[in-house]
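K.L.:
So you can see what is in the structure, the chains are spelled out below.
Number of protein chains: 2
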Amino acid sequence: MKLARVWTLLLAVGGMALPAIGQNKTSVAERLGFGRDAKLLIVHADDVGMTHAVNAATIKALESGAVNSASIMVPCPWFPEIADYAKAHPDVDFGLHLTLTSERVYYRWGPVAPRDRVASLVDENGYFWHDWTATTRIEPKDAEVELRAQIERAYAMGIRPTHLDSHQYRLYANGKELFEALLRVAHEKKLPFFVARDWFAEHSYLEPSLSPGDMVIDHTVTIAPEVRAEKWGDFYRTAIKNLQPGVTEFVIHVAFADEEMKAATRERETWGAAWRQRDFDFFTSAEFRELLQQQKIRLVTWRELARTR
Amino acid sequence: MKLARVWTLLLAVGGMALPAIGQNKTSVAERLGFGRDAKLLIVHADDVGMTHAVNAATIKALESGAVNSASIMVPCPWFPEIADYAKAHPDVDFGLHLTLTSERVYYRWGPVAPRDRVASLVDENGYFWHDWTATTRIEPKDAEVELRAQIERAYAMGIRPTHLDSHQYRLYANGKELFEALLRVAHEKKLPFFVARDWFAEHSYLEPSLSPGDMVIDHTVTIAPEVRAEKWGDFYRTAIKNLQPGVTEFVIHVAFADEEMKAATRERETWGAAWRQRDFDFFTSAEFRELLQQQKIRLVTWRELARTR
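Just so you know, the sequences run in chain order A and B. Going by numbering that gives the first Met the number 0, the letters in the first sequence line up with residues 0 to 308, in that order. Going by numbering that gives the first Met the number 0, the letters in the second sequence line up with residues 0 to 308, in that order.
In short, the hints are calculated from the structure, not lab data.
The list treats identical chains as one, so a pair stands whether inside a single copy or across any two.
Simulated crosslink set (SDA-like; lysine to any residue; CA at most 20 Å straight-line):
hint	residue 1	residue 2
1	Lys38	Arg236
2	Lys261	Tyr84
3	Lys59	Pro79
4	Lys86	Glu123
5	Lys59	Lys261
6	Lys86	Glu266
7	Lys86	Asp122
8	Lys261	Asp83
This one's a predicted model, so the numbers in the text were calculated from it and none came from an experiment.
Kindly generate the complete structure, drawing on both the sequences and the hints.
P.N.:
Okay, structure coming up:
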């Protein structure tokens, strides 16, 4: 909990305030055919597959154009529903939200790999750890076995992912070895992965671990627990108006706040049912579309980014 | 599908029409302190843990007295929710609904044991088989490993089960070896298990496999796919009015027909959301309570049965 919370705060602040670190080489925006001043945005829904309420809201948000990219949690119970949808809609920009934790209390999941091959990832009941604490010893080789298993199940069930990212930023924020496990798997599968220049100052091992061919986007914005419900729209309005040139990913979490979602997340409010309903409501609003137009923000997908490599 | 359907039909017919086979030894009813003519009933909700909608409806039905016993599916995603409830309510009559299939399409689960130790139970994607067909080769030793893993996780998470039974009757209807796996595990854990005299004619290996100390109830009644929605109440009214002396278990399936449940079961109507809502509605009705009184039917639980052993 704590790590994820602190991390999210850093991201929110970083995404809002830090300018892109200059680079000598051609920017992603330029490779996409835009000028250096272009403001490009990925509106990205995380956690697809977690519950039916997340799937239903994500599909509605994708089909209405409110979000243009999303990533899927393979170990989750509702993965077959979204895999079926992804297979039937191969143009949708679906990545894999590589998952090594099962953070809830009343509704949980475990590894895709055989449990005895990824022993350090699971608790005494066989689920992924709720959380990683100072005493949790994660073996990077177990993580790598599990990442491969998730990707293999996704392909086997018909998904052709456009990108990879990491649930709760676990593979970015917990040391060089876990990040390198992600890199090895991404390179092997020839998939771009979410990494933002914003994060380099906080985690010094990220930038030196990258290969020359890896794509780095410029910024990321995600809402923090400190934002009160009534200030939700204000947060996003400010973020859109202050959007920096380059490629930014808005990391959002949509779901319908129905009985399933409320029950699944009832032990705490952060990233809970009401939170996700607020994200759904803001990003499917006419106001959001108008703000993008006013600010001359262009939407881009991971599929488009991948083509520039 | 087919096997389960045929089996359910047989049970429904058997439960309604066949008299108890006479035995020389003392009946379960007599051991409970009732006469041989007493009509004793367990109103048993299956599939607890499958979804939140099943858990919520089962808890409501238990707390209102509409059902007096239930059994829990340990491998299912919502198992932690019902385990938490069972731990906080140790007097509730919860058994374990031992599960070896993952019959749905959009929402699935897999084994509790490490997958590579129970290879014959899982499909190419690592979930329990949707169904067992003529070509599915289930290794009884794999089933036994998985049964033990489910029971161990249940105890580890605070459940003290009153009985065992088998999801979709798989351990009764698929040969002597699987039934004997259930027997070994039940004897080792000193738990009574659901077996009804009604079934002996259909599956000749059941009765000879039993030990003298095993408890056999007399009848079971469960509704069949052939019953149309508008005849739901009629089926149960007739079953209650024709209840035979001895111990009968009504095997029912309750859930709220909300978005989660409708989505989880949408590929077919049998045992679907509307079916389970109809069961919930009938058994929580005043009419059901009145019928029990009129027919002088006494409710008994598995915990009470276990005490007579």
